[in-house]
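There are 2 protein chains.
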Amino acid sequence: MKLKIKKMDFATGRPVCMIHEKKAKEMSLHVGKRVLIKDKKRKIVSIVDTVEGIIKPDEIAVSNDIFEALNLKDNEIVEVELADKPNSINIIKKKLKGGILNKKEIEEIVRDIADNALTEIEVAFFVSAIYTKGMNLEETGNLTWAMVKSGNQMKLNGKIADKHSIGGIAGNRTTPLVVSICASKGLIIPKTSSRAITSAAGTTDVMETIAKVNFSINEIKKILKKTNACMVWGGALGLAPVDDKIIRIENIVHIDSTAQLLASILSKKISVGSKYVLIDIPYGISAKVSLNQAKKLKNKFMILGKKFNLKINAVLTNGNEPIGNGIGPVLEIKDVLKVLRRENPPKDLEEKALFLSGKLLELAEEAEKGKGYEVAKNILESGLAFKKFKEIIKAQKGKLNGFPKPKFSFTVHANRNLKLKHYDNKLLNRLARDAGCPEDKAAGIYLYKKKNDEVKKNEAIFTIYTVSKEKLIYAKRFFKKNQKEIIEIESR
Amino acid sequence: MKLKIKKMDFATGRPVCMIHEKKAKEMSLHVGKRVLIKDKKRKIVSIVDTVEGIIKPDEIAVSNDIFEALNLKDNEIVEVELADKPNSINIIKKKLKGGILNKKEIEEIVRDIADNALTEIEVAFFVSAIYTKGMNLEETGNLTWAMVKSGNQMKLNGKIADKHSIGGIAGNRTTPLVVSICASKGLIIPKTSSRAITSAAGTTDVMETIAKVNFSINEIKKILKKTNACMVWGGALGLAPVDDKIIRIENIVHIDSTAQLLASILSKKISVGSKYVLIDIPYGISAKVSLNQAKKLKNKFMILGKKFNLKINAVLTNGNEPIGNGIGPVLEIKDVLKVLRRENPPKDLEEKALFLSGKLLELAEEAEKGKGYEVAKNILESGLAFKKFKEIIKAQKGKLNGFPKPKFSFTVHANRNLKLKHYDNKLLNRLARDAGCPEDKAAGIYLYKKKNDEVKKNEAIFTIYTVSKEKLIYAKRFFKKNQKEIIEIESR
Numbered sequence: 001m002k003l004k005i006k007k008m009d010f011a012t013g014r015p016v017c018m019i020h021e022k023k024a025k026e027m028s029l030h031v032g033k034r035v036l037i038k039d040k041k042r043k044i045v046s047i048v049d050t051v052e053g054i055i056k057p058d059e060i061a062v063s064n065d066i067f068e069a070l071n072l073k074d075n076e077i078v079e080v081e082l083a084d085k086p087n088s089i090n091i092i093k094k095k096l097k098g099g100i101l102n103k104k105e106i107e108e109i110v111r112d113i114a115d116n117a118l119t120e121i122e123v124a125f126f127v128s129a130i131y132t133k134g135m136n137l138e139e140t141g142n143l144t145w146a147m148v149k150s151g152n153q154m155k156l157n158g159k160i161a162d163k164h165s166i167g168g169i170a171g172n173r174t175t176p177l178v179v180s181i182c183a184s185k186g187l188i189i190p191k192t193s194s195r196a197i198t199s200a201a202g203t204t205d206v207m208e209t210i211a212k213v214n215f216s217i218n219e220i221k222k223i224l225k226k227t228n229a230c231m232v233w234g235g236a237l238g239l240a241p242v243d244d245k246i247i248r249i250e251n252i253v254h255i256d257s258t259a260q261l262l263a264s265i266l267s268k269k270i271s272v273g274s275k276y277v278l279i280d281i282p283y284g285i286s287a288k289v290s291l292n293q294a295k296k297l298k299n300k301f302m303i304l305g306k307k308f309n310l311k312i313n314a315v316l317t318n319g320n321e322p323i324g325n326g327i328g329p330v331l332e333i334k335d336v337l338k339v340l341r342r343e344n345p346p347k348d349l350e351e352k353a354l355f356l357s358g359k360l361l362e363l364a365e366e367a368e369k370g371k372g373y374e375v376a377k378n379i380l381e382s383g384l385a386f387k388k389f390k391e392i393i394k395a396q397k398g399k400l401n402g403f404p405k406p407k408f409s410f411t412v413h414a415n416r417n418l419k420l421k422h423y424d425n426k427l428l429n430r431l432a433r434d435a436g437c438p439e440d441k442a443a444g445i446y447l448y449k450k451k452n453d454e455v456k457k458n459e460a461i462f463t464i465y466t467v468s469k470e471k472l473i474y475a476k477r478f479f480k481k482n483q484k485e486i487i488e489i490e491s492r
Numbered sequence: 001m002k003l004k005i006k007k008m009d010f011a012t013g014r015p016v017c018m019i020h021e022k023k024a025k026e027m028s029l030h031v032g033k034r035v036l037i038k039d040k041k042r043k044i045v046s047i048v049d050t051v052e053g054i055i056k057p058d059e060i061a062v063s064n065d066i067f068e069a070l071n072l073k074d075n076e077i078v079e080v081e082l083a084d085k086p087n088s089i090n091i092i093k094k095k096l097k098g099g100i101l102n103k104k105e106i107e108e109i110v111r112d113i114a115d116n117a118l119t120e121i122e123v124a125f126f127v128s129a130i131y132t133k134g135m136n137l138e139e140t141g142n143l144t145w146a147m148v149k150s151g152n153q154m155k156l157n158g159k160i161a162d163k164h165s166i167g168g169i170a171g172n173r174t175t176p177l178v179v180s181i182c183a184s185k186g187l188i189i190p191k192t193s194s195r196a197i198t199s200a201a202g203t204t205d206v207m208e209t210i211a212k213v214n215f216s217i218n219e220i221k222k223i224l225k226k227t228n229a230c231m232v233w234g235g236a237l238g239l240a241p242v243d244d245k246i247i248r249i250e251n252i253v254h255i256d257s258t259a260q261l262l263a264s265i266l267s268k269k270i271s272v273g274s275k276y277v278l279i280d281i282p283y284g285i286s287a288k289v290s291l292n293q294a295k296k297l298k299n300k301f302m303i304l305g306k307k308f309n310l311k312i313n314a315v316l317t318n319g320n321e322p323i324g325n326g327i328g329p330v331l332e333i334k335d336v337l338k339v340l341r342r343e344n345p346p347k348d349l350e351e352k353a354l355f356l357s358g359k360l361l362e363l364a365e366e367a368e369k370g371k372g373y374e375v376a377k378n379i380l381e382s383g384l385a386f387k388k389f390k391e392i393i394k395a396q397k398g399k400l401n402g403f404p405k406p407k408f409s410f411t412v413h414a415n416r417n418l419k420l421k422h423y424d425n426k427l428l429n430r431l432a433r434d435a436g437c438p439e440d441k442a443a444g445i446y447l448y449k450k451k452n453d454e455v456k457k458n459e460a461i462f463t464i465y466t467v468s469k470e471k472l473i474y475a476k477r478f479f480k481k482n483q484k485e486i487i488e489i490e491s492r
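Chains as they are written, first to last, in the UniProt record's numbering: chain A, 1 to 492; chain B, 1 to 492.
A couple of the hints might just be wrong.
Any copy, or any two copies together, can satisfy a pair, since identical chains are not distinguished.
Stated by the list, open to error - With a cut-off of at most 30 Å between alpha-carbon atoms, the simulated DSBU-like pairs for lysine-lysine come out as follows:
1. LYS306 <-> LYS104
2. LYS73 <-> LYS56
3. LYS469 <-> LYS41
4. LYS426 <-> LYS451
5. LYS390 <-> LYS484
6. LYS469 <-> LYS33
7. LYS133 <-> LYS103
8. LYS212 <-> LYS334
9. LYS306 <-> LYS85
10. LYS456 <-> LYS421
11. LYS22 <-> LYS476
12. LYS407 <-> LYS25
13. LYS295 <-> LYS159
14. LYS94 <-> LYS421
15. LYS225 <-> LYS155
If you are wondering where the hints come from, they were derived from the structure by calculation, not from laboratory data.
These numbers were taken from a predicted model, which means no experiment stands behind them.
Assemble the whole structure, with the sequences as input and the hints as a guide.
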């Protein structure tokens, strides 16, 4: 069936097309079904909405995703046909029933996600299946490799290194520091990150406040030539693109499966050709994992990493408390700048960044065993790390000021003399998300006081920032409801 | 934020609204987020698409679901605000982690599904959660009751009875027969059904080929006054409306969880005020359940049914083979008519209908223990059942002829003398669905030969019918690929 594109400029976040009700009937198409839209070169699977009135029966309106993916023009003729229900739905069902998937089956699902042949609802079933039924190491390895194959790969020369945190710790923005320090020592670090899954901000969300993060692979190669490091969004590069689609769905219910976590992290590292990979696994009472789970996860990372010929190390770090003072994109980059500028830096953030930098330098044999921390500290204190950071920001077309500002705030004060005992990371992250993180860059939480700090009556403990009045109301409501769990105190 | 409705007539199968990109930015709204749309009396939660060009910044276009739910007019002013992310998402996450949900939590999820406060993706996570983690009997009972409370309830007087099959057996259209037979004996049977989940047709899909199935509660009461029975679609009545939403999502991956199955069936029976309830549980190699599972399921039905003060019986029936000759809406109603008219009726269909009718008559004390089958047989053979059926069809504004016809067909012939050993129900259902069932009423499969039949070389075994050429291609492709599993034969 040939239909004429009617340009309508609508964004739906996934491929959707509108077909005239009359035409839909002719094709025995129903709302919510799938069609294949083809031009001369490309094709994409789309979900059908039916319309009357806005378009003529021989026209089709497509969402921006489709318009861009097929590089369409207004009035262009496309071929539209009923799409086969993909067999991967049966494979998803097999996993929901607890079955073990083989290489071919996993590749089929990943390919169908890449081609948009599966709808978001179907991807949600897949995400649930691997979350509830788990995947063994072989399945996880196959998922990793299928994700790599589904996307582009970067070919780079030299000592390519990378670090990654499994996340979950509020404020924990070590990446810009570790990258700047290790790149100063000559490592090539094509750092790609995704956006936050369950926390207030991911490295991408944070870097975006200060520089561009959206580059083509060729542009990245140019940046790396200038600076030997970058910090960019992985989603735009088509490196393991399926990962981003899955993360978007996981994000909806704030879940993170172990298999997906391993595959997500490793596929990105393999796609950029990393050889030296350091994984940070924060564990603790309000972290993503307990000490025991952290040990198991480390083990899986080591086995899978070696399977893919990586020089890999995974370190367990204390994840009981938030790291740094700011939580939220802008607030976190400000902490990073304080460390780099040596201006009243949050001590815990600095220490953790030095520890991780040291470990990565040792792994890549740029520092002797046990000497990494010292080497890293010298680089930071000498100003070399800040110099490198500025180089990267410049290469990524950014600047060090002009951050968006919040519009509303709410500060929590001590109602008596007290000692601060504990912050809950999960709840701090939820609070920051209610405040608008990570989409609202200026939103978040700033902690004036941390664990073991003595606080005098009427002193400020922390401030919640938002860009809309409604979100301040949500955040305050959430804080009031969960006050005792968010922050534990002891009277003095 | 006040916006003006722009009528656009688009169907999306769920509440979606289009907001101008400029306005969306102002509200810090992103594609895929939720808004609450309110007029003076009602409110509905909707997913946001953003547009440029089609509408003005002060306008909003809403999908037909919203237009109808709020009873809107073109140019009407509505209030639009950012909707809170519902807490039920956290409850769904708890279930995904394997937690036990309490009454309040289950009610919250069901209410949010009823109010469209959860998106289809979120409902998919809920469906996966109860499918993979299961629900204990207490949770299932709470789910049942929450579903009843979410909808309307019918208040009727008299001996209200009902039958229900858990499904899965191709062609198994006993309901119109059982209803006609038992209603002839005076039972009041407000039979509501849903559409097919995993099989070729549900009773609603079948009845729709011969009569209207879409009535209001008041209309049904009038029909019952005339005929003391009806066979209508439950979805339009607002009886346990959440059930239909869940089924639509389950349908996507063709899964059916035990808890959902129990809650779905019982909530519908309770909502119409049924007192005598007969459940048919077909078991066997290609049925939904094995004998062992069937026994467990029966046990759950009995316990839950009694908890809700029903007089309930669940019978295990042989589900190894398809029942009747036709598979698909029109083909099945034709089988039913053959039984009622006593014109060359499919014997297996007739026998099963008599068995079930007998059991229901005994349960409702309209026949002595052990005499139900005989009573039912007399009613069928005397023509009373057909008379009752015609009364019902007339009351539901139907007629006994003028069925839609298929356009394409493909007949499988024996390539040698053979004996037919077995049909696989699941694969027959899939084949019929590939042929277009249940949406395409005339599509399906007609079996000329059944288990143990001797077939001569070149004799026809069955025919596949479709209404579109593409679907004939799909169905043939599926048949060729799965031939040996769909039909087992023995050379003669």
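**Item:** Alpha-carbon proximity between LYS390 and LYS484, which holds within one copy, between copies, both or neither at 30 Å
**Value:** Neither. Shortest intra-copy (41 Å) and inter-copy (67 Å) distances fail the 30 Å Cα cut-off.
**Asked** Between copies, within a copy, both or neither: which fits LYS469 and LYS41 at Cα up to 30 Å?
**Response** Between copies only: 25 Å across, 48 Å inside.
**Request:** Can you give me the call for LYS456 and LYS421, within, between, both or neither, at a CA distance of at most 30 Å?
**Result:** Within. Shortest intra-copy distance 14 Å satisfies the 30 Å Cα cut-off; inter-copy 85 Å does not.
**Prompt:** Is it within a copy, between copies, both, or neither that the alpha carbon of LYS407 lies no farther than 30 Å from that of LYS25?
**Reply:** Between copies, since 15 Å is at most 30 Å while 51 Å is not.
**Request:** Measure nothing new, just compare the shortest in-copy and cross-copy C-alpha distances for LYS22 and LYS476 to 30 Å and report within, between, both or neither.
**Result:** between (50 Å within a copy, 28 Å between copies)
**Prompt:** Under a CA distance limit of 30 Å, which applies to LYS295 and LYS159: within one copy, between copies, both, or neither?
**Reply:** Classified as within: same-chain Cα gap 28 Å, cross-chain 64 Å, threshold 30 Å.
**Message:** With identical chains, the pair LYS94 and LYS421 could be close in the same copy or across copies; at 30 Å between alpha carbons, which is it: within, between, both, or neither?
**Reply:** Classified as between: cross-chain Cα gap 27 Å, same-chain 47 Å, threshold 30 Å.
**Message:** At most 30 Å between alpha carbons: which applies to LYS212 and LYS334, within, between, both or neither?
**Reply:** Within one copy, since 17 Å is at most 30 Å while 66 Å is not.
**Homo-oligomer pair classification [LYS56, LYS73; C-alpha up to 30 Å]** = Both, since 17 Å and 23 Å are each at most 30 Å.
**Message:** Please sort LYS225 with LYS155 into within, between, both or neither, judging by C-alpha distance up to 30 Å.
**Reply:** within (13 Å within a copy, 77 Å between copies)
**Asked** For LYS306 vs LYS85, is the C-alpha pair at or below 30 Å within one copy, between two copies, both, or neither?
**Response** neither (37 Å within a copy, 41 Å between copies)
**Message:** One pair to classify: LYS469 and LYS33, alpha carbons no more than 30 Å apart. Within, between, both, or neither?
**Reply:** between (39 Å within a copy, 17 Å between copies)
Of the numbered hints stated above, those contradicted by the structure are hints 5 and 9, listed in ascending order.
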